[in-house]
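Asker: Here's the letter readout for the chains.
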Amino acid sequence: MATPLIQLDNVSYQYEQTKALKDINLKIEEGDFLAIIGPNGSGKSTLLKIILGLLKPTSGRVQLLGQPVDQFKEKEQIGYVSQKSNAFNTGFPATVAEVVRSGLVKKIGLFHRYPKNVHLEVRQALKSVGMEQFAHRNIGELSGGQQQRVFIARALISNPKVLILDEPTVGIDSKNVRSFYLMLSHLNREHNITIVLVTHDVDAVSKSISHVACLNRTIHFHGFKNDMDTMSDEQLEAWYGHAVRKVDHRSEVQV
Amino acid sequence: MIESILRYEFLQNAFAAGLIIGVIAPLLGVFIVVRRLSLIADALSHVTLAGIAGSLYLSQSISALGLLNPLYLGITASVTGSLFIERLRRLYKHYEELAIPIIMSAGLGFGAIFISLAEGFSSDLFSYLFGSVSAVSRQDLWIVVIIACIVVVFLSFFFKELFVLSFDEEYAKASGLPAKWVHVLFMIVTALVIAGSMRIVGILLVSSLITLPVAAAMRISKSFKQAIFFSIVFGELAVIVGLASAFYLDLAPGGTIVVVSIIILLLTIYLKKWTKKGVPA
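As given, the protein sequences belong to chains S and Z, one line each in that order. Counted from 1, the first sequence has number 128 at position 128 by the UniProt record's numbering; the numbering is strictly sequential. Counted from 1, the second sequence has number 234 at position 234 by the UniProt record's numbering; the numbering is strictly sequential.
What the hints contain is simulated information worked out from the structure, not anything from laboratory work. By construction, the Cβ of each residue, glycine as well, lies at the ideal position given by its N, Cα and C atoms. All clues given are correct.
In silico DSS-like cross-links for lysine-lysine, where the CA-CA straight-line distance does not exceed 25 Å: (1) K173(Z) to K73(S); (2) K180(Z) to K75(S); (3) K225(Z) to K116(S); (4) K56(S) to K180(Z); (5) K160(Z) to K75(S); (6) K107(S) to K173(Z); (7) K49(S) to K180(Z).
Stretches of chain S that chain Z covers, calculated by requiring three or more beta carbons in the stretch to come under 8 Å of a beta carbon on chain Z: (8) 69-82; (9) 108-118.
Among the chain Z residues that face chain S by a calculated CB cut under 10 Å, a handful are: (10) V34; (11) R36; (12) F159; (13) E170; (14) Y171; (15) A174; (16) S221; (17) K222.
Between the sequences and the hints, there should be enough to build the whole structure, so can you do that?
Answerer: Below, the structure written as structure tokens:
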């Protein structure tokens with residue numbers, strides 16, 4: 001069996017006195033389209049930071065492409081798209097092309113300049129998210145959804161194996177969410193990019209997604225999305241309710 | 001003007017130093033402004049004052065230090081201040097801006113003490129506070145040249161890293177960039193530029209040459225490249241017109257450079273308004 005792209009074994013994280021994550025076991029295989037869903041405060045961001053190597057777990061083991069995360073050097077294999085809302089100030093003087101190009105920074109390495117034909121790579125990355133005609137526009141002039149696509153292009157330009165997205169649909173109006181997921185699905189199927197996204201919004205989880213992991217400090221369910229679909233709303237709510245207790249889950253996780 | 005420059009060495013020094021600073025201050029300023037560190041530049045210039053005043057006092061009281069160029073202690077103070085700011089910003093993680101008033105008042109406090117301890121360097125001090133056309137020595141010019149070389153080497157090595165760090169710090173860290181080190185180096189280079197620019201524009205106005213041309217450039221730039229280009233053009237324009245008018249009108253160049261910068265800024269603001277309304281600019 002092929003090595004999983006991302007593997008977490010018994011990962012826990014304690015933040016001061018609070019256990020933010022407990023015994024997380026997660027295997028993400030090549031080609032997966034996984035949504036990690038959890039209410040606010042369920043440890044989603046902490047989990048992402050641990051996967052990206054920005055936080056060291058209190059216990060447990062994290063491996064990226066079969067290597068321990070702290071020894072993993074090929075960071076360009078992991079494309080990260082941060083939550084749009086706090087990512088940058090909109091008045092920043094930069095064009096879409098300049099932002100996308102900056103995704104190559106790690107791959108090129110310190111002390112080296114961008115290659116001469118970098119514009120071809122920029123165009124290709126923008127094309128795969130349907131934004132090639134915006135290359136010379138100022139990034140601040142675009143809508144939230146368009147900016148999110150640009151940030152995905154920035155992650156794609158280094159040809160990553162995995163794309164990790166933090167709350168990607170925040171700031172995108174509901175009618176564009178569908179086409180956004182279609183684009184992700186296209187990247188997943190046609191470009192064979194493994195996609196991991198975290199979201200608090202169960203409604204946002206679309207048909208394109210293959211796997212789901214339900215997180216609330218620990219993982220309550222991880223499997224095919226279809227298996228989750230066969231559960232009735234009541235079952236799902238009861239299951240989540242059992243897991244979280246004392247919380248009104250309808251409003252909390254919008255099941 | 002050209003004739004005077006050819007004739008007097010002090011004018012050559014002032015113009016050469018001014019032209020160099022007109023490039024490096026706004027060039028680094030673009031990164032300082034987009035990273036929202038403009039006020040830090042101000043704080044560092046006040047720390048430089050402490051170093052300059054300290055050096056002037058020491059050269060008065062210890063005869064062996066009589067010939068010491070005050071810029072050296074100014075640069076030392078500025079670089080030390082930049083490292084302290086970083087330390088304070090980490091210490092007061094949720095109140096990062098606290099570092100600025102702390103460092104600024106420390107700089108002014110020490111400056112005030114040295115100034116009151118010493119007697120009779122008010123004219124020297126005036127030139128350090130507001131800049132001078134006549135006080136730039138060959139040695140000052142060489143210091144500016146060395147600082148400019150450091151800036152050029154630093155930016156050519158770290159340009160793309162600084163762009164990522166400025167645009168999206170979280171992404172920079174997630175991409176595995178040595179964000180902390182690049183930032184510390186950036187602060188040190190900023191401190192050097194502030195200390196170097198001070199001879200021309202003066203301590204109190206040094207941050208204006210770092211921020212005003214950039215503020216004007218940002219009004220009209222769509223890309224980062226344009227922002228850098230226009231910042232340098234505006235910076236040079238302000239320095240040339242400012243120095244020339246300071247020389248002819250016998251004014252402090254810090255003042256004239258700032259006034260020219262403000263005029264450029266206002267023009268860009270209104271130019272944009274007019275073009276938006278469809279009135280030909």
